[in-house]
Every structure is written in structure tokens, then in C-alpha cells.
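Residues per chain, in single letters:
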Amino acid sequence: MLPEIGQFALALALAIAVVQAAVPLVGAARNNVMWMRSARYSAFAQLLMVAIAYGCLTSAFISNDFSVQYVAGNSNSLLPLYYRITAVWGGHEGSLLLWVLMLAGWGVAVAVFSRHLPLDMSARVLGVLGLVSVGFLSFMIFTSNPFVRLFPVPMEGHDLNPMLQDPGMIYHPPLLYMGYVGFSVAFAFAIAALLSGRLDATWARWSRPWTTLAWVSLTCGIGLGSWWAYYELGWGGWWFWDPVENASFMPWLTGTALIHSLAVTEKRGTFRSWTVLLAIITFGLTLLGAFLVRSGVITSVHAFATDPERGVFILAFFAVTIGLSLALYAWRAPSVGLGGGFGAWSRETLLLVNNVLLVVAAAVVLLGTVYPLAMDALGAGKISVGPPYFDSVFAPLMLPLAALVAIGPLVRWKQDLPTRTWQQMRMTAIAALAAAAVWPLFYAHWSPYVSLALFTGLWIVLAIGLELRQRTGLRPASLARLRPSYVGMHAAHLGLALLVMGVAMVKAYEVERDVRLAPGESVEIAGYNFTFDGTYPLPGPNYMADRGTVHVTRGDDTIATLHPEKRTYASKRGMPMTKASLDRGLLRDLYVSLGDPLENGAWVIRVYYKPYIGWLWAGCIFMALGGLLAASDRRYRVRATEPAAVKGKVAMGRI
Amino acid sequence: MLRFTVIGVVFALLIGLFWVGLGLNPRELPSPLIGKPAPEFRIPELFDAARELSQDDLKDKVTLVNVWASWCSSCRSEHRHLLTLQRNGARIVGLNYKDERAAAFGYLNSGGNPYEVIGFDESGAAGIEWGVYGTPETFLVDRQGVVRYKHVGPLNDIVIRDTLLPLIAELERS
Amino acid sequence: MRRILTPLLGAVAALLLAGTAAAQDAALLQFDSSEQEALYQGLVRELRCTVCQNQTLLDSNSSLAQDLRQKVYTQVREGASRESVVDFMVSRYGDFVLYRPPLKSETALLWFGPLLFLLTGGLVLAFVLRQQRTRAAAGTGVSTPDQPRIHGKH
Numbered sequence: 001m002l003p004e005i006g007q008f009a010l011a012l013a014l015a016i017a018v019v020q021a022a023v024p025l026v027g028a029a030r031n032n033v034m035w036m037r038s039a040r041y042s043a044f045a046q047l048l049m050v051a052i053a054y055g056c057l058t059s060a061f062i063s064n065d066f067s068v069q070y071v072a073g074n075s076n077s078l079l080p081l082y083y084r085i086t087a088v089w090g091g092h093e094g095s096l097l098l099w100v101l102m103l104a105g106w107g108v109a110v111a112v113f114s115r116h117l118p119l120d121m122s123a124r125v126l127g128v129l130g131l132v133s134v135g136f137l138s139f140m141i142f143t144s145n146p147f148v149r150l151f152p153v154p155m156e157g158h159d160l161n162p163m164l165q166d167p168g169m170i171y172h173p174p175l176l177y178m179g180y181v182g183f184s185v186a187f188a189f190a191i192a193a194l195l196s197g198r199l200d201a202t203w204a205r206w207s208r209p210w211t212t213l214a215w216v217s218l219t220c221g222i223g224l225g226s227w228w229a230y231y232e233l234g235w236g237g238w239w240f241w242d243p244v245e246n247a248s249f250m251p252w253l254t255g256t257a258l259i260h261s262l263a264v265t266e267k268r269g270t271f272r273s274w275t276v277l278l279a280i281i282t283f284g285l286t287l288l289g290a291f292l293v294r295s296g297v298i299t300s301v302h303a304f305a306t307d308p309e310r311g312v313f314i315l316a317f318f319a320v321t322i323g324l325s326l327a328l329y330a331w332r333a334p335s336v337g338l339g340g341g342f343g344a345w346s347r348e349t350l351l352l353v354n355n356v357l358l359v360v361a362a363a364v365v366l367l368g369t370v371y372p373l374a375m376d377a378l379g380a381g382k383i384s385v386g387p388p389y390f391d392s393v394f395a396p397l398m399l400p401l402a403a404l405v406a407i408g409p410l411v412r413w414k415q416d417l418p419t420r421t422w423q424q425m426r427m428t429a430i431a432a433l434a435a436a437a438v439w440p441l442f443y444a445h446w447s448p449y450v451s452l453a454l455f456t457g458l459w460i461v462l463a464i465g466l467e468l469r470q471r472t473g474l475r476p477a478s479l480a481r482l483r484p485s486y487v488g489m490h491a492a493h494l495g496l497a498l499l500v501m502g503v504a505m506v507k508a509y510e511v512e513r514d515v516r517l518a519p520g521e522s523v524e525i526a527g528y529n530f531t532f533d534g535t536y537p538l539p540g541p542n543y544m545a546d547r548g549t550v551h552v553t554r555g556d557d558t559i560a561t562l563h564p565e566k567r568t569y570a571s572k573r574g575m576p577m578t579k580a581s582l583d584r585g586l587l588r589d590l591y592v593s594l595g596d597p598l599e600n601g602a603w604v605i606r607v608y609y610k611p612y613i614g615w616l617w618a619g620c621i622f623m624a625l626g627g628l629l630a631a632s633d634r635r636y637r638v639r640a641t642e643p644a645a646v647k648g649k650v651a652m653g654r655i
Numbered sequence: 001m002l003r004f005t006v007i008g009v010v011f012a013l014l015i016g017l018f019w020v021g022l023g024l025n026p027r028e029l030p031s032p033l034i035g036k037p038a039p040e041f042r043i044p045e046l047f048d049a050a051r052e053l054s055q056d057d058l059k060d061k062v063t064l065v066n067v068w069a070s071w072c073s074s075c076r077s078e079h080r081h082l083l084t085l086q087r088n089g090a091r092i093v094g095l096n097y098k099d100e101r102a103a104a105f106g107y108l109n110s111g112g113n114p115y116e117v118i119g120f121d122e123s124g125a126a127g128i129e130w131g132v133y134g135t136p137e138t139f140l141v142d143r144q145g146v147v148r149y150k151h152v153g154p155l156n157d158i159v160i161r162d163t164l165l166p167l168i169a170e171l172e173r174s
Numbered sequence: 001m002r003r004i005l006t007p008l009l010g011a012v013a014a015l016l017l018a019g020t021a022a023a024q025d026a027a028l029l030q031f032d033s034s035e036q037e038a039l040y041q042g043l044v045r046e047l048r049c050t051v052c053q054n055q056t057l058l059d060s061n062s063s064l065a066q067d068l069r070q071k072v073y074t075q076v077r078e079g080a081s082r083e084s085v086v087d088f089m090v091s092r093y094g095d096f097v098l099y100r101p102p103l104k105s106e107t108a109l110l111w112f113g114p115l116l117f118l119l120t121g122g123l124v125l126a127f128v129l130r131q132q133r134t135r136a137a138a139g140t141g142v143s144t145p146d147q148p149r150i151h152g153k154h
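For the protein sequence lines, the chains are A, B and C, in the order given.
Under my numbering, the very last position in the first sequence is 655; numbers go up by exactly one each time.
Under my numbering, the very last position in the second sequence is 174; numbers go up by exactly one each time.
Under my numbering, the very last position in the third sequence is 154; numbers go up by exactly one each time.
Fair warning: there could be bad hints in the mix.
[Stated by the list, open to error] So the derived label-pair ranges between C-beta atoms look like this:
1) C:D32 - A:R554: 27 to 37 Å
2) B:T5 - A:Y82: 49 to 59 Å
3) C:S105 - A:L479: 56 to 66 Å
4) A:A395 - B:G106: 54 to 64 Å
5) A:H158 - B:W71: 13 to 23 Å
6) B:T5 - A:F113: 58 to 68 Å
7) B:W71 - A:P308: 22 to 32 Å
8) B:R173 - C:K104: 55 to 65 Å
9) A:N529 - C:T74: 25 to 35 Å
10) C:K104 - B:A169: 33 to 43 Å
[What the hints assert, rightly or not] Listed below are the simulated EDC-like cross-link pairs for lysine to aspartate or glutamate, each with C-alpha atoms no more than 20 Å apart in a straight line:
11) C:K71 - B:D157
12) A:K507 - C:E37
13) A:K382 - C:D87
14) C:K71 - B:E40
15) C:K104 - C:E78
16) A:K507 - C:E35
17) C:K71 - C:D87
18) A:K507 - C:D59
19) A:K382 - B:E28
[Claimed, not checked] Sample of chain A residues with no beta-carbon within 10 Å of chain C, all distances over it, derived:
20) V18
21) F44
22) W238
23) F317
24) T321
25) K382
26) A477
27) L628
No lab work stands behind these hints, which were simulated from the structure alone.
Every residue, glycine too, gets a C-beta built ideally from N, C-alpha and C.
Sequences are here, hints too, so could you generate the full structure?
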């Protein structure tokens, strides 16, 4: 009964989405106030319907209703309750429903928090969001219905993939989708601007907090995914340049360019058409990502098991949406105006370089991701493009970018002098260079690349300190008075610095060993001694585990006792899963996982020393926090005092 | 103006690429052995461990080399096709891949034996020489011992009718 | 002072029972030198498992990956160079098996693409900046207000 209600609710949601798309957009074009006002109510109604559908699917999971095909394929009665709830988004259909739910949720958020926007703008934004919903809902209803029934009803489900039975599963997909959907909002703002012909600093101020929040969500989603892979997969890796990973990274790169471009548009009224283009491209990349992951054109362990028929639908959706948007852009962008001018050495210029580098980086990732497909399509054979390629082409782009992050905040808007900047930054550059040259000496081997990366990271940190000192003299009272958006910027940049330094150090100096250890034997890496103390069986709710004990010491100090596990899940007989055990630290992680069992209680043990890997996650956290602070700035919450209708003039946002 | 054209072209190219890509199978690998002499290998025969099978045994007659195993479920679905081919005069040499003799005997007893001779590749070393990555796989080798064609996965009517039989006929004529 | 990397599993092996069961997975791999070990470790991370869904030979548990790892190990122990091991794999499985795509005419666009993109980006940048200069020189465009009152606002 409930699944049918869910299906019906989805159909209703689609109908409402059509209304939400058509009525306000036509209303805005015709200046019909009633029609424009209806957008808000459509958004509420759509959320209600989608939430009902989602609730029905979740209850099917909770009650182990295996007559629903999707439930039978992704759940199991032995699965603990919280995993049954998160299993809803463990497969293609359910994750789509989650996506649509978030889309509806963001729509309501926009409806609620957009009272200060002019009516035609908010109507257009909600209308475009409605169009996006129409696309996703149609996709679901016509090709990926989560409520399809299964006869005869199986006694037991297939179970959720054991790798997904982890707290990371609870947070990673929702945050990722929050990000993707959030960029739909940024896209909606951009299209609304193009449609209305109103693309100025005020528009940027409206759009910015939404876009920043989307970026924060995506940052958290990607960071969590990486962190989760690191401790869950048992091989210590955290990024593989897998096509699905790239699918989330590309919109992040252009999304970062977008938030910076929005900053310039808000502040100076420039970069307007670039901002709009970036919004379209970022949203396009999220759709492209959905296509790559769900169509079967690429091979990935992350990909959902889907078929080309669904791929055709998404591709068509992508082609139509982005094609029309680009056409609209080509038509309207030239009349948008150029905004304020700026000199050759100015913050605008540096931000432009920043954005160019980010877009180039995204293009490089796209190139590497689709090249095997392109070669195959042209009959030129099958190749693989993996980490060796991406690592070698990506790093040279990121290092100049990081250096820019150090310099940028200290350069004036509109016009500055390179000599002045150099004078300001000379000391910090030298200090960073010196520290970066010396730091690697404490590790296994000195490398110029590591030093270069450390230099950029350290320079960013020192430059932040310099800026803070210039502005506040580092007095606590002045520091407390700093605006959230300003603090947020520095926090996010600090996060980037930590990330760059962490990546460089861990890749250069990590140590990995596979050894055969019998109980009582030990191995040493990087000065740490790992002693294996055998395993004992430990049953879990839906698995049987061999739990090992490894004592870690350094010299005379006991550092930690680690408990790696090898689990065999009831539903996946013969496919044991490794659960690694970590001792995390500020400056290093110690990581142990069990390989295969050998005779007489001996096991293959993998031990890792990972220096500074915690800085990666800290970096992500700082970036996310920075974004949150920036989005929370009061100026976004103050009602606009200037009149709502401001035609294409350059209007400085009142700060 | 240039900006729009470039973006438009890139966009159109991407769409076209993905459209074509939907019809491709990313898991299927073309074989680098095609056009080259059959790889060198030497393994005992399944039924007579004293005798050996090597690439030299593949010459003088157009031969199908079929990689199979008793544990391979898709192999069963193509088995009747192999029997039909053999009845119609094709020469099929089997490569029993990473299997156990007893299990292989049982498989052939119950399903029938289309193979003229079968090599027993217990360790999979011969399979590596042939670039085997999944069973079943079928190779077509001509009279000179050169590999001409590889099919990954179970054989089906269409592949046999449209590709395999014409190719066999062509190779036998030359 | 951190320790220099312990060079050999061999050194560790002295503490442990030796023994390489042929089918065992990385149980205890002995090498004649650290270069040899580094070669092996590098190769199993750069070669792709052909039956898996995007995994290196090292990460995969499939039986083919185990066989191929064993093959790489044997060849490296026999003194094979990186080129010959790669050649061995490619001649049997094709370029697909390499995560670092070889530089051929077909992959030229792949390897030079990033540089091309960067140059294009640079051209766009130069173009925009020149546009700014001509506009400033001609005195066209909407005149912009000065820096806002609050100094150094971001």
C-alpha cells in the first residue's frame, strides 16, 4: 500500500513541478503578480509530495518490505536499523529520490529566504528550479522507479554492500547531493538573471550565500568521501582519480571559481558574464557527473549498476538543459555590460588568473576522465587513464594557484603596484622559502617538489598572519570585530594551505609494508614497532569477524593498541571485508589492516605510516568552516534598502 | 563571439561522444594478439597428462581456441553452440582454465565434448599468455597459426552466424 | 630525526619465518635490492586489474590479479626492467592495462592537452586584460567609484 502511495506522490510531485516551472516563468515574462507568487506555494507542495514519497520508501526499508524490488536489492533483515534507513540511498533509484528530495528542500529554502528579492527574480529562480525538478522527477518516474514491486516476494533481501555499512555512508551521499543541488540554485539564479536582463552586484549579493553553501556542502561531501575511503577500504588510499570521484571534483573546481567570481561581481560589478557562465558550467558538470555515474559508460566501483537506457535519458536532459542555457547565455550575455575596469596588477586580475587556473584544472580532469571513452568511440583502442597521469598534470596547476592564494588577499582592488606587493610580501616569502627548504630534511629524502608545495602552503599561512596583523595589529579586540566573511575567507585559504602541505608530505613520505606475522612477531616502520598479538572471533549483527590485536610502541613508549578486523558478511559469503584500525595523530596516522589468514594463526598484516594525512581532513574542515562563516555574513540577511528594480547599471553593493 | 563558438563546439562534441559511448562496453578489451602468431605456451593435455599441447598444434587447420572452466556459468550457455560448430566440421581446441581435472571431466560428461583436444591450464599461465581475463573466451587461429579474431563472453547465434562462420570460411579458402 | 626508510623487507624477513607459498598474497616478498622492491611496488600500482572495476593489481583480490602480481614479482626477481614487464603485460592485454597511458600519436592530445588548455587560458587572460587597458585608455565604460571607505575590504 505505502509504495503505491509513494509512487502516486511522485507523480503528483512531477505535476506540481511542471506548474512550478511554467506558471512563474510565464508570470515573470508577463508581469503577472499572482502567477509569480504561486511559485512559493508550488515549491512547498512539491516538497510535501516528495517527502511523502521518500517517507514511503524509507518505511519500506524499515519494515523490510521485500516486495519492493529496490528494498530487496539493497537491504536485509539482519541489517541494523540505522543502516536500513541509510540504505535508502544505497542504490540508483533511492539516491535519485534523495537528490529530488534535496532539490525540493532547497526550493523551499529559497522560497522562504527570498522575501527581499524582487518578485520576478524569485519567481524565475523557483521556476528554473522547477524545471530541474521536472527533469529529475521524469527521469525517476519513467526509468528509475524506486517503488517497482517484485513477485514472487523473496524471503530475504540481498543486503547492503558491506562496504557501505559504515557511518560514512550516513553522511557522504547526502552532503554530496546537497552540494550538487545547491549548485542548481546557483544555476537558477544565473538563468533568472539572464532572463530578466538584470545582472549586477545586487544580483551577485543574492546569489552568493546560496552558492557558498552549495560549495561548502560539496567540499564536505568530497572530503568525507575521501576520509571514508581512507579508513574503510583498508589500503590507505584516499583519492584514486576514479571517474566517479572526478565527477564530483570537477564541479567543485568550477564551483570554487564561481564563488570567487561572484565575490568580484558583488564587490566591483565586473566578471558578470563569466560568473553566469561559470554557474551554468558548474551545474552542467553536476549533471554530467550524474550521467557518468549512472549510465554505464565508465567502469568504476562507485558506479551504480545501471543501463544505457537510463543513460540516454540523462544525456538528453543534460543536452537540452545546458544547450538551452548556453544559447540563452550567448543571446543575453553581450548585453549584460562589462562593469568596472581594473588595472593589470589588481585583485581582479589575480582572481581572474585564479579562475582561469581552476577552469583549466577542471578541463584537464575532464580530459583525462573522458579520453578513454573518446578513443574507444573513435575506434582507436582502449586505454586507461589513472593516478599516474592525473598526479603528474594536476599538481603543476595547483601550485601556482596556491601561490596566488597567498598573494591575492594583499593586493588592492582595481589598481595596485607589483612593487608594492613585493615589498609587503618579501619577508613572508623568504621565511616560507627557508622553512620549506628545511622541513623535508627531517624526512626520508629531500625533494624539490615537496619543498615547493610546502613553500606555497607556508606562504599562504604567513600571508594570512601578515594580513591580520596589518588590519588588526593582532589585538584581540580588533580580531573579535572582524567580519565573518573576512574571517571565513582566511579560514578557507588556510584550509587549502593545510591540504596542499598534507598531500605533498604524505605522498612523499608515507611508508607501507605487507608482512607475514605470527602471533608475537613484530615489524618496524618509521621508528614505530608493530607487534601482532593474534586474532579472536567476534560476531557482529550481520557478520562474523576475526579481530586482531596489534600493539604499537616507539622505543619504550606505548603508542596505541589497534584492532583491525576481517569480516565475513552473512549475505556475501566468501567475500571477506577488511576493517582497518588507525591511530590518528596531528602529525601522522598509523594504520593497520589484516590481509589473508595463513597457517597457525599467522596473518598477512599491512602496516602504514602516513605523515600529515590528518592535515588533509583538517584542510577540508577549515575550508568548509570558512565557507559557512562567509555565507553567514550579516549583509546577506539585511533587507535591501535600495529599490528592487535596478536595470543593467553597475550598482555597488552597499557594504 | 569566439567564446560562444568554442563553448558551443566543445559542448556539441561532448554530447556526441557520450551518445556514441552509450553503445560501447567499457569492460570489453580488444586483443593485442590479433594479427600476430599464437602465443607460445606448453601445457599438459586434460585427458592424457603425458602429452602436451602447444601453439604448434594449432597450425595446418583453421582452429577455434575456446577458454573454458567447469566453474564458469556462462560457459554452459555457449556449450551447445560449440557442439553444433564441431558437428559442422569446425576444429575446436579447448583451454581448460584454472580448473580441476575431475570437475572438468564431469562438465564434459554431462554436457558433451566438442573439443578435438584440451589443454589443462591449471595455474593460468597459458591463459596469461593468451591475455585471458575472463571466461569464456574464444579465439580464431588460421592455418599459419596467426590469431585472427577474439570473442569475449559466451558465443551466441548472431556472432556465430555473422562473424565467426564467414571468417572461418574465408580463412579456409586461403 | 626520523629514520630513513628501512630498505628491505629482507631485513624484516630476518626476524620472521620465511616462506612464499606460490598462491599466497604478498606473504613475504623478498627482493635482492631496494631498487628491485621499489620497481615491484611501483609496477603493481601502475598496472590495472583487467577484470575489476577500476583497481590496481595491488588492490584487487581477484585471482587474475593475484596471478599477475606473481608474474610481475617473478619477472622483477629475474632482473627484468620496468620496460620489459610493461611490454609483457601490454603485448597480452593491451594498453588498457597501464594506468599511465603511453605516449603515442593517439594519446598526444591527452598528454599535451593540459598544456594547451593552460596556453588557451593564458590567451583568454591576455585578451581580457588588453580589453581592460583599451577601455581605460579610451575612457569608455561606466566610471567606477573609488575604493570603498572601509580600507582594504575584501
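Legend entry - Hint numbers contradicted by this structure: 6, 8, 11, 15, 25
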